[in-house]
Amino acid sequence: MSGKPKLALYWAASCGGCEIAVLDIKEKILDVDAFFDIVFWPVAVDFKVKDVEAMEDGEIDLCLFNGAVRTSDNDYMAELLRRKSKILVAFGSCACEGCIPALSNTTTKKATFDWAFADSPSTVNPDRIMPQIRTETPVGVLELPEFYETVHSLDQVTDVDYFVPGCPPQAHQIWGVLEAVIDILENDKPLPPKGTVLGAGDKTCCDECPRERQEKKIKGFKRIHEVIADPDQCLLDQGIVCMGPATRSGCGGLCVAVGVPCRGCYGPAPNSKDQGTKMIAALASVIDSDDPEEIDRILDGIVDPVGTFYRFSMAHATLGPVRAGNGSRSEVSS
Amino acid sequence: MTTTAEAPLRGPEVVSTQWRPRIVAFLCNWCSYTGADLAGISRIQWDPSVSIMRVMCSGRMDPTFVAKAFSMGADGVIISGCHPGDCHYQEGNYKTLRRVHLLKRLIEGFGIDPSRIELVWVSASEGDQWAETANEMAARIRALGPLEVGS
Chain S
12 MSGKPKLALY WAASCGGCEI AVLDIKEKIL DVDAFFDIVF WPVAVDFKVK
62 DVEAMEDGEI DLCLFNGAVR TSDNDYMAEL LRRKSKILVA FGSCACEGCI
112 PALSNTTTKK ATFDWAFADS PSTVNPDRIM PQIRTETPVG VLELPEFYET
162 VHSLDQVTDV DYFVPGCPPQ AHQIWGVLEA VIDILENDKP LPPKGTVLGA
212 GDKTCCDECP RERQEKKIKG FKRIHEVIAD PDQCLLDQGI VCMGPATRSG
262 CGGLCVAVGV PCRGCYGPAP NSKDQGTKMI AALASVIDSD DPEEIDRILD
312 GIVDPVGTFY RFSMAHATLG PVRAGNGSRS EVSS
Chain U
7 MTTTAEAPLR GPEVVSTQWR PRIVAFLCNW CSYTGADLAG ISRIQWDPSV
57 SIMRVMCSGR MDPTFVAKAF SMGADGVIIS GCHPGDCHYQ EGNYKTLRRV
107 HLLKRLIEGF GIDPSRIELV WVSASEGDQW AETANEMAAR IRALGPLEVG
157 S
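From first to last, the protein sequence lines stand for chains S and U. According to the numbering used here, the residues represented by the first sequence are 12 to 345, in order. According to the numbering used here, the residues represented by the second sequence are 7 to 157, in order.
It should be emphasised that the hints constitute simulated quantities derived from the structure, not laboratory data. Note that beta-carbon positions come from the ideal geometry of N, C-alpha and C, so glycine has one too. Heads up, some of the hints might be wrong.
When the alpha-carbon atoms are kept at most 30 Å apart in a straight line, the in silico DSS-like pairs for lysine-lysine are as follows [as the list claims (entries may be wrong)]: (1) U/K74 x S/K214; (2) U/K74 x S/K284; (3) S/K200 x S/K39; (4) S/K97 x S/K15; (5) S/K120 x U/K74.
To spell it out: a stretch of chain U is covered by chain S in this simulated footprint if at least three of its residues, at any positions, have a beta carbon under 8 Å from a beta carbon of chain S; those stretches are [said to hold, decoys possible]: (6) 73-83; (7) 110-120.
All chains should be built: construct the whole structure from the sequences, respecting the hints.
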């Protein structure tokens, strides 16, 4: 092995999009390979977990960890890579704030299992056989990782140095971060303060949006398939729920530029921790009504407030995860 | 009125044998806080489980405050401002009205009973109305029981 700095990439509970996004830096990946020694990257190279376990603590210089922590295996890998890495980066929305996997924090593990393994229309499981941590078979004991009750972000289970948000992080931002790290390691420069959000802006998505905001008031919310949105006007002005005001900038306004409302993947805006409650404040300003009944009628147009406002940040939601016995009128739905 | 030595939220008494509800009330400076003050001056008794936070306008009540109050051990939240049309800042209370309607839907999505948030209009002359609101809310939260938020 060479004396090059060591790079590891790992995926926990994620879709794999962040791995693809790393390759979206195109030929620059050759620069990455030239500078770093890639010591662990299950999706691309053939090193195993035991190779990581055999390393010295702190031997890996940079670890980009994507994916949320859903199972005991994710938890083990998070802890292992933390121990072996000098710099651990929560890479992508899942590792930063839970993202789509953490939406299951609005329900229980039992309800998730019931749906996934028994009740969904495409499943035939009349005996309701559920995954077990240990199963005795004639040929030996089979083991599966434990499936946790809640999904956690990486920083909720271990110590994280930096955060790179986005679902997935945009290629130019990834390259920006890698370039900066290469520069720091090569020229012995100081690292940014711990906990810094890298590869993202310090404003909201609205600040990058090319559309014109007139701060109109609206009488009803529409969903994206119900209207053909005006190409130049602010989507919120047109009554389309757009997470722009509550979302960190950094993507370059990709979705809004092509007529799709911001879904909030870069996480809460700077200086705010809870994306959903910030979004409430923003939406309350655009509703054109002072009458309680009319307000309720307008709000009926927002089909799933929790899922919409916390689509990417559920693991950090102040009020989450959902727990039984809080006196909810509607019991936790499956 | 609020200078009594209150234990911090989620203090040791929460785990003691006797549970008592903790209700945080955000009162606007111009109407509702003065209304609650009037209740005090008039020596009207109201439930001691209600702790008052004064804000300049009910419109200052960021929904984040309510979420934070719940996460730090509050079992219920009262938000009170001037009557519609009477807002010192013209329309802050209307903004609050819209926020609270949406916030109630949000907390219901988290499995929290929306009636744990109460929005009322109390003017500076309605001390009795304030006491009634506080007592009603305390009774409601006692019936609902303690709230558990967070992992």
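Each hint, compared with the structure:
no.	hint	in the structure
1	U/K74 x S/K214	holds (23 Å)
2	U/K74 x S/K284	holds (10 Å)
3	S/K200 x S/K39	holds (22 Å)
4	S/K97 x S/K15	holds (14 Å)
5	S/K120 x U/K74	holds (25 Å)
6	73-83	holds (count 4)
7	110-120	holds (count 10)
The structure agrees with every numbered hint stated previously.
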